[in-house]
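Given the sequences, and given the hints that come with them, work out the whole structure.
So the sequences go chain by chain: A and B. Using my numbering, the letters of the first sequence correspond one by one to residues 1 to 154. Using my numbering, the letters of the second sequence correspond one by one to residues 1 to 713.
Keep in mind that the hints are not guaranteed to be accurate.
Below, a sample of chain A positions facing chain B; criterion: calculated Cβ distance under 7 Å [unchecked claim]:
# : residue
1 : E73
2 : W87
3 : C98
4 : Y135
FYI, nobody ran anything at the bench for these hints, they're computed from the structure. C-beta atoms are modelled at their ideal positions from N, C-alpha and C, and glycine is treated no differently.
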Amino acid sequence: MKLDVNGTVRDVDAPEDMPLLWVLRDLLGYTGVKFGCGMAQCGACTVLIDGKAERSCVTPASSVGTGKVTTIEGLSQDGSHPVQVAWREHDVVQCGYCQSGQILAAVALLAESPHPTDAEIDQALVGNICRCGTYQRIREAVRGAAARSGRARP
Amino acid sequence: MTTLTRRAFLHASLVSGAGLIIAFHVPRRARAAEPAPPAKPPPEPNAFVRIAPDDTVTVLLAHSEMGQGIWTTLAMLIAEELECDWSKVRVEHAPAAPAYAHTAFGMQMTGGSSSTWSEFERYRTVGAMAREMLLRAAAARWKVAPARLRTERGWVIHGTQRLSYGQLAAEAEQLPPPAQVRLKDPSRWKLVGKAVRRLDSPEKITGQARFGIDVQFPGLRTALVERAPVFGATVKSFDATRALAVPGVEQVVQVPSGIAVVASHFWSARTGREALRVEWDLGPGAALDSRQLTASYRALAHTPGTVASEKGDCDAALSGAARRLEAEYDVPYLAHAPMEPLNCTVKLEGDRCEIWTGTQFQTNEQAAAARIAGIPPQNVIIHTPFLGGGFGRRANPAADFVAEAVHVARAAGLPVKVVWTREDDIRGGYYRPLFVHRIEVGLDARGLPVAWKHTIVGQSILAGTPFESMMVKNGVDRVSVEGVVDSPYLASVAAQRVSLHSPRNEVPVLWWRSVGNTHTAFAMECMIDELAHAARRDPLAFRAALLKGKPRHLRALKLAAEKAGWGKAPRAGRARGLAVHESFGSIVAEVAEVSVEKGRIRVHEVTCAIDCGLAVNPLGVEAQLQGAVAFGLGPVLHSEITLKEGRVQQGNFDDYEVLRLDEMPHVTVHILPSKERMGGVGEPATAPVAPAVANAVFALTGRRLRSLPLRLA
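This is how it looks when you write it as structure tokens:
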């Protein structure tokens, strides 16, 4: 099958039922995508497919078709995406394992709702578990990223 | 990832003239409050900092970064004294070697909220030594006295002349390290005590950070192990036929912990494991039932246990008291559930074993791997990538996930990465043990305690481990009773007896962020609250009366209460509860503000005050307290591991619920300016949140919930 990952079309030879997560990690080397639960409960495996946050651990790679997959590695070359900048400014990360998923979930949220309410933030990120408990700074960083994009607008 | 051993690295960098290496040894300074360290290995000089010709300064971490922020904090200590350019600082985990032994605990490890206080002197000293050598190198070049030179942001300066550290590194490394260095006066600190952002952010927000599970190299296979369905079960027989028919599955091998399916990648290994047939000899573990266990513990709590501490005639004082109050508290088993599932990569070659794993326990893993592989410990090379959370699970004296991976690699004859699924993790044991506390208090006419009889029942974490001799005294596991025997509330109680039952069963148990305090703070701080209400006193004023001789507790308590608006009415439908607890050398007070919505407890605000001595990085301290509150709240609201017919009834985050973002309270952290001895910050805020919330729920509903998780229905 062919997969469009971060703007590059890759040829993949994988079993029909193999989740996108493991195709990305074990066959294509995108280890920024994380395994956390395997059943769409924790959000560590979040990727964007055509801009929407999806759980790659329960998405068979064969179902992606021509969808454009964005992993954390494809968000920016150097951590310069506004959400990544906000994450750094708010000193969000601790162990860091869940943060690829958190960041991509936040990117998808802000694409849909550039100035989300607190309730929208809660709803968009409730599926992303962080055992270190960085939630408060995640909220602050999402608000910060939203404010930043607001300033950038004419 | 480098495959050089530390020794090989030292050699290589000396030969290539790649930079300055500081050889050094600082005598271990055990804290009076800590247990005596085991016999000290002979001093071995080693490397803690490297300066490269391009001016980068690389700090080697003797401890594991698992989220707690030492990647930044320990580097700050070196940079402070070295006076280097902070933007040029890089960090690496040190390899497993005796030189990186914990300055108080004697082995290379991360735990007990100890990394910063235990390295405060050593890391600053390293920085000062390196600076001194650079100064001397510059002095030799310029033929002036070192005293006439100064350093600034990575430069040695003499009048208008300047040389960068990178330019001096090769010469400096030839010099003998100074025998003595003088550390900066705190008034001159530029980094220590300041809010400094994390150095590991850039790699962690771009997916570049490497965790153990991310290790990949040509020829590496992935294995999943089918483990016992009940604790203590053994393999009777297995049929690998169908597993081996799965594409990608290469081998099925038996190891002590179960049957391993070795495949080209995770998905094949998982599919193969599902096709595996294993017959088990279940053994006595099949009878385990956590409800029955709690009931039997409650019965045991009515009988005297092994005395942990005693003062006066407790029984006489109890029967002579004006009033008596008794209560029982219980807490369930808890899994750590770090976000990165456990994993370990092992490559065996001849008499060499190379391991990549996120561990808090390098020395321990090294010894375990050496025993299994039949090689000397120094032939076991341990690479520590970032840890995707630890919380104690990656500090297992039994070395379970490492030992198993070495067995699999040996049986398979191939380099193997053993990966645990979430279900393997949740059902894999090494839990925070289930505990029951029974407390009987005798009160005087004013409602103050004059007799305190406290019986604790729960499995010992340390019995049967190499730490037993150090931490279990006269049959009492210190971590089963910490937080009770040393409770500030008991200091003034004339008659008291704390005793302990440590029943054994098949469930493996382990330390879980803040260890014994997770249950002792809950029991103590709820009981004190019960006494306050029984005496019709304000919970803050009542505590203040009991804590007269404990100024640090009082200060923390009063600050948290004041900042939380204690004494002022909260918003309608809300109530507050408070708790203060000392652990790991720090004191944390917390005030929780809660409401009940549709039968569910909601925690809106948690106001914390901490006295941890010097806060080396206040931004990191704040993060640790926010995180500890979140970690502690999961088991207050949701988390529990239960067993029925020996089977763990939870398996993933759908039934082992942890705190999610929508339930995260707003946490405010106040750091008390303090000249006290430095304490830890990773764990101490975990324990007070349970009693603070339970006490708030009582204030709101009048219902005293004495079991975790708190359930209103």
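So which of those numbered hints doesn't the model satisfy? none
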